[in-house]
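There are 2 protein chains.
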Amino acid sequence: MPEATNNYKKLHEISRQTRILEGIDSLLHWDQETYMPEDAAAIRAEQQKIMAGLVHKGRIAKPFVNALAKLIDIKTGKVLVKGLGSAKNAALKVWRREYLKETALPTQFVEDFAKLTSQSVLVWRSARQENSFRRFAPYLEKIIQMNRKKADLLGYKEHPYDALLDAYEPEMTTKRITPIFSDLKQFLVGLIKKIQQKTQIDDHFLFGKFSESKQMAFSQKILKGMHYDMRRGRLDFSIHPFSSAAHPTDSRITTRIHPSSLLSNVRSVMHEAGHGLYEMGLPINEYGSPLGEHASLGIHESQSRWWETRIGQSLPFWEHYFPILQKEFKEFQKVSLKEFYKASNKVEPTFIRVEADEVTYNLHVILRFEIEKALIEGSLPIKEIPEAWNAKFKELLGLVPSTDAEGCLQDIHWSLGSFGYFPTYTLGNLYAAQFFATFEQAFPKWEKSVAEGELEFIKEWLEKSIFQFGRQYSSFELVEKVSDAPFSSKSFCHYLETKYKDIYRF
Amino acid sequence: MPEATNNYKKLHEISRQTRILEGIDSLLHWDQETYMPEDAAAIRAEQQKIMAGLVHKGRIAKPFVNALAKLIDIKTGKVLVKGLGSAKNAALKVWRREYLKETALPTQFVEDFAKLTSQSVLVWRSARQENSFRRFAPYLEKIIQMNRKKADLLGYKEHPYDALLDAYEPEMTTKRITPIFSDLKQFLVGLIKKIQQKTQIDDHFLFGKFSESKQMAFSQKILKGMHYDMRRGRLDFSIHPFSSAAHPTDSRITTRIHPSSLLSNVRSVMHEAGHGLYEMGLPINEYGSPLGEHASLGIHESQSRWWETRIGQSLPFWEHYFPILQKEFKEFQKVSLKEFYKASNKVEPTFIRVEADEVTYNLHVILRFEIEKALIEGSLPIKEIPEAWNAKFKELLGLVPSTDAEGCLQDIHWSLGSFGYFPTYTLGNLYAAQFFATFEQAFPKWEKSVAEGELEFIKEWLEKSIFQFGRQYSSFELVEKVSDAPFSSKSFCHYLETKYKDIYRF
Chain H
12 MPEATNNYKK
22 LHEISRQTRI
32 LEGIDSLLHW
42 DQETYMPEDA
52 AAIRAEQQKI
62 MAGLVHKGRI
72 AKPFVNALAK
82 LIDIKTGKVL
92 VKGLGSAKNA
102 ALKVWRREYL
112 KETALPTQFV
122 EDFAKLTSQS
132 VLVWRSARQE
142 NSFRRFAPYL
152 EKIIQMNRKK
162 ADLLGYKEHP
172 YDALLDAYEP
182 EMTTKRITPI
192 FSDLKQFLVG
202 LIKKIQQKTQ
212 IDDHFLFGKF
222 SESKQMAFSQ
232 KILKGMHYDM
242 RRGRLDFSIH
252 PFSSAAHPTD
262 SRITTRIHPS
272 SLLSNVRSVM
282 HEAGHGLYEM
292 GLPINEYGSP
302 LGEHASLGIH
312 ESQSRWWETR
322 IGQSLPFWEH
332 YFPILQKEFK
342 EFQKVSLKEF
352 YKASNKVEPT
362 FIRVEADEVT
372 YNLHVILRFE
382 IEKALIEGSL
392 PIKEIPEAWN
402 AKFKELLGLV
412 PSTDAEGCLQ
422 DIHWSLGSFG
432 YFPTYTLGNL
442 YAAQFFATFE
452 QAFPKWEKSV
462 AEGELEFIKE
472 WLEKSIFQFG
482 RQYSSFELVE
492 KVSDAPFSSK
502 SFCHYLETKY
512 KDIYRF
Chain P
12 MPEATNNYKK
22 LHEISRQTRI
32 LEGIDSLLHW
42 DQETYMPEDA
52 AAIRAEQQKI
62 MAGLVHKGRI
72 AKPFVNALAK
82 LIDIKTGKVL
92 VKGLGSAKNA
102 ALKVWRREYL
112 KETALPTQFV
122 EDFAKLTSQS
132 VLVWRSARQE
142 NSFRRFAPYL
152 EKIIQMNRKK
162 ADLLGYKEHP
172 YDALLDAYEP
182 EMTTKRITPI
192 FSDLKQFLVG
202 LIKKIQQKTQ
212 IDDHFLFGKF
222 SESKQMAFSQ
232 KILKGMHYDM
242 RRGRLDFSIH
252 PFSSAAHPTD
262 SRITTRIHPS
272 SLLSNVRSVM
282 HEAGHGLYEM
292 GLPINEYGSP
302 LGEHASLGIH
312 ESQSRWWETR
322 IGQSLPFWEH
332 YFPILQKEFK
342 EFQKVSLKEF
352 YKASNKVEPT
362 FIRVEADEVT
372 YNLHVILRFE
382 IEKALIEGSL
392 PIKEIPEAWN
402 AKFKELLGLV
412 PSTDAEGCLQ
422 DIHWSLGSFG
432 YFPTYTLGNL
442 YAAQFFATFE
452 QAFPKWEKSV
462 AEGELEFIKE
472 WLEKSIFQFG
482 RQYSSFELVE
492 KVSDAPFSSK
502 SFCHYLETKY
512 KDIYRF
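Chains as they are written, first to last, in my numbering: chain H, 12 to 517; chain P, 12 to 517.
Bound conformation, chain H alone (with noise of 0.2 Å):
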């Protein structure tokens, strides 16, 4: 075997230990979730913090980053082997990336961060509860100073805002997403008038009353139909539905269900199932390696939307899954296909980002990004969050919020102290819809199979056109090779606007 092969092996192998390591902290995680006894809960804070602990010696270890510095200069990034090929050379600067991320911030700003978030998420709860954005500012002050600070140690070209945004769209900017989202803000606006001007949509008979366990066998049956594979992943219930995935034979999901919204199961099991599906369909061999990578965020939202919104709100899915529906829930056989289909579609402005439909719900994310941006600019005063938050809701949404519960305090990420992560919802959306179009041009009669109850082209499609590239491209990059157009917000725009002047018919 050449040198370069086999230090690259060598390489790979480290590095797929501490990829393990952090497999048991996804576990521990999915358990504290679902099954942990309530009082375990302070040891299991112990538990991770000692594996975090771990996980992060591990990525920069001595004989981790001997063997990385074999094969790419750390320092200028510039690969000193050849022979290697593409994707393996962009997995050692995606290495390198990381490695130098893990290094930027020193152990004690790291424990201040956790130990000021840790506290701050439990201000942020009470704060919200009471309705006191005035209560969770001071702890908000301090989680955006210390944001500035954490762009200023990892450094970066243009915006310090580039750099928190790194941690979950790698290589995204500012400078790239601002015109994007501000084209896809006046489209939304302009769609929502549009929608407005029209008769409402009846979806009364989606709330009432509905069995939990045939709500279960139901989104069994789509799982089942999406071939989301239980010999190596599982549902089970939580309180926040989330997806986790240890390693690809490892990829449970939870959901949850709302015995009065007949929709809410049907959705997030798509949702998490979709972002299962992706990390099932990495490439096992490149596990440990970035080759064997989920891209980024928003490549990750963009199939759980992918599944939750393109094919679990379409037309054809429901012509194969309502007739089931209509067996399971009797109530249903009163309502047409088309009723049915336009009523899990009905667009109307609310206050709340997580209920918010289709249409709506990128306005929420576009004005989260610009709030936040400005906030680590310095643009914006915290104090002045709450009034900036209605302004810029009744501008894009039209509602003025009536208590900052219901506005500014209703999402946990500032309180965590993640900042740069709301962008990464609209992406996946974006990201989606250009993966889509392509897709359609692949399968022009997609619409025909799904009816007939196919899913699983759907699936492979997806793997073999972006699973299987794990993180060798940048989100960007791979939305551009996938669709063979640069990266904007058209495909977006051109779907919502198809898909709603059907039913609404403007």
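Any given hint might turn out to be false.
Identical chains blur together in the list; that is why a pair holds if it fits in one copy or across any two.
Said to hold, decoys possible - Straight line, CA to CA, 30 Å or less: simulated DSSO-like cross-link-like pairs of lysine-lysine:
| hint | residue 1 | residue 2 |
| --- | --- | --- |
| 1 | Lys196 | Lys338 |
| 2 | Lys20 | Lys86 |
| 3 | Lys21 | Lys126 |
| 4 | Lys89 | Lys160 |
| 5 | Lys21 | Lys81 |
| 6 | Lys21 | Lys60 |
The hints are simulated quantities; they were obtained by calculation from the structure and are not laboratory data.
Being a predicted model, the structure only gives us computed values, none of them experimental.
Here the structure of chain H is known, so what remains is to put chain P in place on it, guided by the hints.
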């Protein structure tokens, strides 16, 4: 704070970190047996190997050894500081013993042993299925050789078997066990003869078809009665019931259900809950030090057998629970309490240890002890095991296994390399009996309370008398301390004689 106390605290803290890693490993095992997706097995094995390596490293790490060496002379075992008190001094001695054991085996030996046993267990499975001792024999030969080598590496004063026994039952010796088991054997053979001369008990009504959910509901009631704390534990299903304690605030148990055998579930739940209560009752402040650990496997087994047999097969227990059972299972309304009690205590020699009753059970164990002792000594050649087994079986239980599958191939232990484990099963029964004799003195009216459904005072007595000491005393020291009498089989024999005289009327 005096320096010694301070150094002790540091030692405890370092040790606690390693204990936390062990707890994570416990969770990996629990998950594997309960909820893990099938295909995750390969990477789970890697996860466990890594965790085992980290635990081993923690146990021999320099900071640990340095902290220990400040307090106790590692070579001689002499405590170097004054004023810690006898409990902490005992803890230091345990830490030192365990450290010496941990370092006694070279890494290569440990790896070779693990490799051999991971193959052997597979060979054993097929050998048992094919009823072919010859197939398993060459592996068993190697396992015995390695166990002899292990004994030499670990060191012993009198008998090589002592070194192996010590891994499960610290400080117990072959010399101490042999006369006790010998007396017990004689007594049991005699007792069985007396029983066999009487009319056999009719227990047909314990077998039939019993709803699984009703069985579980009933077992849950018993768990609640036992004050097994669901905030610090849980009950799940697994193929083989087990208890898995990560720490006193996370002490889970599992069970299985036989739809055709009513008492199988009750017994396994009470058995495992006995283990679980012990772990939950260990002093949480001592978590990570020997004072927060179970004393030995035998003491652990004394707790499971206490609840399974001494309580769960007693008349007063069923005085309270039989009417509850009758409500759930109408078919028992025709059965009297006395008939039910007798049936649940039917004595009958059978081939399989795990299905044996309270009286014959220990003869299965003593047979294994005698054979494995002879194997380690070298006084019994491997190929003669089946013959020796069957001859002993005939002598002790009056039966001859018709196949090795129901004879010497029935247990997994030897294939896993575990020599010295079997005696702990009988030690557990003997310890439980000796503890119970003391308990009866403290609560002469315990039967009345139990018949009224009161069980908490029992748990409290166990906590106060046994759990609170952790591993301060070796098993037999603890037995002697609690009962104020030397460790013997006397209490156990007295218990069986009295109980079965009443049941079989001899």
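To see whether the hints hold, each was checked on the structure:
no., hint, verdict
1, Lys196 with Lys338, "neither (41 Å within a copy, 65 Å between copies)"
2, Lys20 with Lys86, "within (22 Å within a copy, 43 Å between copies)"
3, Lys21 with Lys126, "between (36 Å within a copy, 23 Å between copies)"
4, Lys89 with Lys160, "within (28 Å within a copy, 53 Å between copies)"
5, Lys21 with Lys81, "within (11 Å within a copy, 40 Å between copies)"
6, Lys21 with Lys60, "both (28 Å within a copy, 19 Å between copies)"
Of the hints listed earlier, the one the structure fails to meet is number 1.
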